[in-house]
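Asks: Work the whole structure out from these sequences, hints included.
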Amino acid sequence: MSDAVALAPRAARLNLGGWWVAPPLAVLALLFLYPLILIGRAALIDDSGALNLAAAWGVLNSRAFLNALINTAEIALASTIGCVILGLTLGLILAFAPFPGAGLVAQVIDTFIALPTFLVTLAFTFLYGSAGILNGALTSGLGLDHPPVDFLYSAWGVILAEVTVYTPFVLRPLLAAFSLVDRSQIEVASLLGARPLRIVRQVILPAALPAIVAGGSLCLLLTVNEFGIVLFIGAKGVITLPLLIYSKAIQESDYQGACAIAIVNVALSLALFSLYRAAARRLGG
Amino acid sequence: MLVWSLSGRALVWSFAAILLGIVFVAPLAVIICASFSEQWNGILPTGFTLEHYRDAMNGAARDAVYASLVTGLVASLLALVTGAWAALALRARVDQWAGALGLLFFIPSAVPSVSVGLGLLVAFSQKPLLLNGTTAIVFVAHYVLISAFAFGNISAGLSRLAPDYEEVASCLGARPAYRLMHVTLPLVAPYLVAAFGLSFALSMGELGATVMVYPPGWVTMPVAIFGLTDRGDIFSGAALTMILVVVTLALLIGLERAPIRSAAPR
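Order-wise, the sequence lines are chains A and B.
When the letters of the first sequence are read in order and numbered with the numbering used here, they come out as residues 44 to 328.
When the letters of the second sequence are read in order and numbered with the numbering used here, they come out as residues 7 to 272.
Computed list of chain A residues with no C-beta within reach of chain B, every gap over 10 Å:
{"no.": "1", "residue": "90"}
{"no.": "2", "residue": "91"}
{"no.": "3", "residue": "98"}
{"no.": "4", "residue": "107"}
{"no.": "5", "residue": "109"}
{"no.": "6", "residue": "114"}
{"no.": "7", "residue": "116"}
{"no.": "8", "residue": "189"}
{"no.": "9", "residue": "192"}
{"no.": "10", "residue": "194"}
{"no.": "11", "residue": "198"}
{"no.": "12", "residue": "199"}
{"no.": "13", "residue": "222"}
{"no.": "14", "residue": "223"}
{"no.": "15", "residue": "255"}
{"no.": "16", "residue": "256"}
Distance condition first, Cα-Cα at most 20 Å in a straight line; then the derived SDA-like pairs of lysine to any residue:
{"no.": "17", "chain 1": "B", "residue 1": "133", "chain 2": "A", "residue 2": "83"}
{"no.": "18", "chain 1": "B", "residue 1": "133", "chain 2": "A", "residue 2": "92"}
{"no.": "19", "chain 1": "A", "residue 1": "279", "chain 2": "A", "residue 2": "174"}
{"no.": "20", "chain 1": "A", "residue 1": "279", "chain 2": "B", "residue 2": "237"}
{"no.": "21", "chain 1": "B", "residue 1": "133", "chain 2": "A", "residue 2": "70"}
{"no.": "22", "chain 1": "B", "residue 1": "133", "chain 2": "A", "residue 2": "72"}
{"no.": "23", "chain 1": "B", "residue 1": "133", "chain 2": "A", "residue 2": "84"}
Bear in mind the hints are in silico, worked out from the structure with no lab data behind them.
For glycine and all other residues, C-beta sits at the position ideal for the given N, C-alpha and C.
Replies: Written out as structure tokens, the structure is:
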């Protein structure tokens with residue numbers, strides 16, 4: 044039967060080919076590609092409509108932009124590392140030392156993907172904010188005058204929130220990869236006297252490496268693009284590229300500056316996207 | 007099974023429980039508690055109240071729920087139509103362009119949402135297409151951002167279909183349109199439903215592009231929640247967040263239970 048399928052002429056499958064892709068492509072071009080091109084154009088033209096490269100160059104040389112770029116990179120890298128570590132830890136336990144109900148827990152973590160990212164930030168206000176549970180417990184328990192925990196309104200608050208939100212994106216491919224690891228290999232290794240950590244390092248991790256790279260690069264892309272968490276934390280010193288674009292355009296009405304920064308942000312995201320695609324292809328192939 | 011000893015297992019499991027508790031359970035639990043609380047100054051909240059939910063049922067918050075539901079519905083349906091169309095059209099192509107075109111439909115998911123909003127603002131603030139300040143620009147922004155996910159879901163579903171049924175149908179003389187309506191689309195129905203659910207959930211939580219383009223009369227739930235918390239009204243923000251979460255999860259679970267199953271034998 045499979046031979047017959049393989050030999051059947053491809054044209055017999057569906058005659059929807061050819062130009063049938065044109066209508067959705069036209070919609071994509073009008074609503075996505077055309078605005079993207081106009082961002083590039085608006086970055087180079089000032090309010091009077093004249094070509095003005097100096098203004099765009101000035102924005103990209105400004106302290107605010109460079110700080111945002113560094114913040115974005117640092118937060119994205121730290122969050123991704125955190126996601127990979129937490130994802131690996133939880134994945135290993137859920138797959139290789141499963142407790143009763145581990146499957147359900149994995150599913151519940153998976154639904155976090157569908158929830159808005161700022162939910163976690165709002166929750167952190169109640170948990171770790173200056174009037175939050177942790178500070179309340181510490182001040183009343185230790186008799187302190189002012190709240191001792193003060194990381195929420197810094198880059199660390201953003202990083203912790205992003206780790207919570209994006210760990211499921213690492214966990215999902217990891218659990219899929221772990222389910223393919225041959226259980227008898229693990230049993231043989233442990234019968235031969237290998238300690239759990241050695242089995243993890245020499246048997247499980249090599250098999251899961253493509254999934255780690257794919258999940259990690261997706262995390263990197265999503266954390267570079269993250270907006271809601273940074274906006275909700277609203278810390279003065281924590282401005283990332285998307286937040287800077289928002290404040291330039293909406294609060295300062297400086298569209299040319301916003302567009303110049305957007306070009307850099309989009310280019311960075313597209314580079315990370317191709318990294319992710321390459322990693323995902325290796326995972327599939 | 008990696009950990010064999012009972013004490014080792016107990017250690018690993020309690021570690022997992024603490025980790026899961028701090029990272030995933032605590033945030034959801036405090037949001038739920040806060041949405042029912044009058045005050046929260048110490049370790050535990052004080053005063054049970056339904057006032058935040060009552061507030062959400064009338065006035066600005068109710069408008070936000072309505073705006074989010076309509077936006078999600080319109081954008082998801084549009085994304086479903088163009089996503090299915092593009093996936094079906096690309097499936098039939100076997101030339102070297104098919105891969106590149108498929109990638110093109112994925113790209114909106116990689117571009118930061120704020121930049122998508124900025125682009126729409128720049129492009130449609132001028133004639134001939136003047137959308138700035140209308141509800142339509144919010145629909146468009148959500149549509150662009152979720153279209154890639156809808157396309158990806160449907161493509162993945164189509165690639166899993168065995169071509170047998172469609173080939174039998176065309177051997178029996180079914181015309182392409184008939185085959186599409188009566189064979190292919192029913193076969194991919196579960197993936198269409200899943201794509202719709204994912205699109206709707208993403209639209210409900212969308213913030214970055216919406217804050218760039220929304221007109222004053224069309225405030226979606228995430229924008230309203232930000233407005234509330236920014237003014238310091240975090241309890242009402244928590245209640246509206248809970249409504250957002252419950253609506254999203256109810257829709258996802260409802261769609262999962264929907265009596266739409268693939269006709270293909272497993």
